[in-house]
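Enquirer: In this note's numbering, the protein residues as written are 1 to 325.
In case anyone wonders, no lab produced these hints; they're calculated from the structure. Each statement offered as a hint is correct.
No more than 20 Å apart at the CA atoms, straight line, and that leaves these computed lysine to aspartate or glutamate pairs for EDC-like: (1) K316 <-> D257; (2) K316 <-> E252; (3) K316 <-> E95; (4) K316 <-> E304; (5) K316 <-> D97; (6) K316 <-> D96; (7) K316 <-> E283; (8) K316 <-> E249.
Pairwise CB distance ranges (calculated): (9) R258 <-> P184: 28 to 38 Å; (10) R322 <-> R258: 15 to 25 Å; (11) L237 <-> E115: 41 to 51 Å; (12) E76 <-> D212: 47 to 57 Å; (13) H302 <-> P205: 19 to 29 Å; (14) H302 <-> D266: 28 to 38 Å; (15) E115 <-> R258: 32 to 42 Å; (16) Q241 <-> S321: 29 to 39 Å; (17) E110 <-> D212: 44 to 54 Å; (18) R307 <-> E76: 50 to 60 Å; (19) H302 <-> L237: 16 to 26 Å.
Note that CB positions come from ideal geometry on N, CA and C, so glycine has one too.
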Amino acid sequence: MRYDRDGFPIPADFDSRSRADDLADERSVLPPFSGAPLADWAPPQRGSGRVKRTLIMAVLGLGLVPALVGPQLMPEIRMAVVRMSVDRALRMEAEDDVAGALAEVDRALEWLGGEEDGSLLCQRAWLRLHNGDPAGAIEDARRAESLAPGTLMPLRVRGLAAVVGGNPDQALADAAAVVERSAPGDPDALNHRAYIRALVGRELPEALADIDAAIGQVGPAVSAELLDTRGYILHLLDRDQEALEQMNEAIERMLQDRRRVRLVADHGEIDPVVAGLRFRTIEHGLAVMYHHRGLICRRVGHDEQARQDFDAARVKGYDPSRGVF
Numbered sequence: 001m002r003y004d005r006d007g008f009p010i011p012a013d014f015d016s017r018s019r020a021d022d023l024a025d026e027r028s029v030l031p032p033f034s035g036a037p038l039a040d041w042a043p044p045q046r047g048s049g050r051v052k053r054t055l056i057m058a059v060l061g062l063g064l065v066p067a068l069v070g071p072q073l074m075p076e077i078r079m080a081v082v083r084m085s086v087d088r089a090l091r092m093e094a095e096d097d098v099a100g101a102l103a104e105v106d107r108a109l110e111w112l113g114g115e116e117d118g119s120l121l122c123q124r125a126w127l128r129l130h131n132g133d134p135a136g137a138i139e140d141a142r143r144a145e146s147l148a149p150g151t152l153m154p155l156r157v158r159g160l161a162a163v164v165g166g167n168p169d170q171a172l173a174d175a176a177a178v179v180e181r182s183a184p185g186d187p188d189a190l191n192h193r194a195y196i197r198a199l200v201g202r203e204l205p206e207a208l209a210d211i212d213a214a215i216g217q218v219g220p221a222v223s224a225e226l227l228d229t230r231g232y233i234l235h236l237l238d239r240d241q242e243a244l245e246q247m248n249e250a251i252e253r254m255l256q257d258r259r260r261v262r263l264v265a266d267h268g269e270i271d272p273v274v275a276g277l278r279f280r281t282i283e284h285g286l287a288v289m290y291h292h293r294g295l296i297c298r299r300v301g302h303d304e305q306a307r308q309d310f311d312a313a314r315v316k317g318y319d320p321s322r323g324v325f
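Go ahead and model the full structure; you've got the sequences and the hints to work with.
Expert: Set out below in structure tokens:
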């Protein structure tokens with residue numbers, strides 16, 4: 001499963017930037033989705049007055065709906081509320097408060113009214129998936145795709161939600177569409193399709209070809225996620241010794257990533273919210289990898305190691321029913 005490098009799998013523009021990129025750029029709300037009605041949107045300027053900020057906080061604190069705010073104040077206040085809601089959602093997600101983050105994104109979308117934003121819909125789809133609502137995630141991803149047909153991120157989220165929702169045909173179709181609409185040989189797209197194929201247990205030789213092509217494109221700097229995908233596919237193909245070697249390397253690389261993030265976080269070289277999102281992603285990734293290694297160890301007779309790995313996966317939150325694969 002692919003996550004972005006800063007801790008969230010859904011880039012703000014559905015292509016190259018992440019929500020954490022925006023935060024690191026000191027922009028606390030997602031830029032508008034390409035093709036959405038908010039194409040002329042710009043984030044409110046900082047330091048625009050204590051009175052305005054007090055009013056906005058009152059709006060949030062009282063739970064007022066857009067219709068109750070004076071029309072003359074709506075354009076600026078509406079976008080400021082959206083900005084503050086998404087900023088709070090990011091912070092809550094970094095603290096692993098998925099339900100709280102989801103409520104904030106709900107508020108942001110409510111304040112946008114009829115002007116739907118695909119980035120926020122995809123963000124909510126991802127949160128809904130992790131909150132145990134794959135049907136809601138699929139619907140949000142569908143609406144996001146309808147705003148700009150041809151974009152990839154709605155298909156990625158919908159494909160994963162379809163796996164959780166028990167619709168392998170939809171998952172495979174979305175994964176294939178991601179590859180078709182990406183640049184030839186794109187490693188992220190190939191990894192996504194390979195992992196979807198593994199999750200639904202279909203087209204496994206083709207899945208191995210996908211991940212081998214992805215790793216070939218990346219070279220020595222291959223990520224832990226790609227190695228995990230390959231190890232899991234090898235396990236499903238009954239090539240467990242190769243799978244175990246691959247999974248050991250994947251886990252070691254992920255632990256190295258965690259040490260690097262901890263180092264820069266301890267030195268104040270990374271925004272705390274970005275660090276929190278990255279740590280959350282790393283822990284989820286390790287949960288999946290420990291579970292995968294546990295499956296391999298159990299089948300080759302390393303029972304004690306398998307037990308330790310399954311325990312570690314549970315502690316880190318492994319739960320495929322909530323979108324943690």
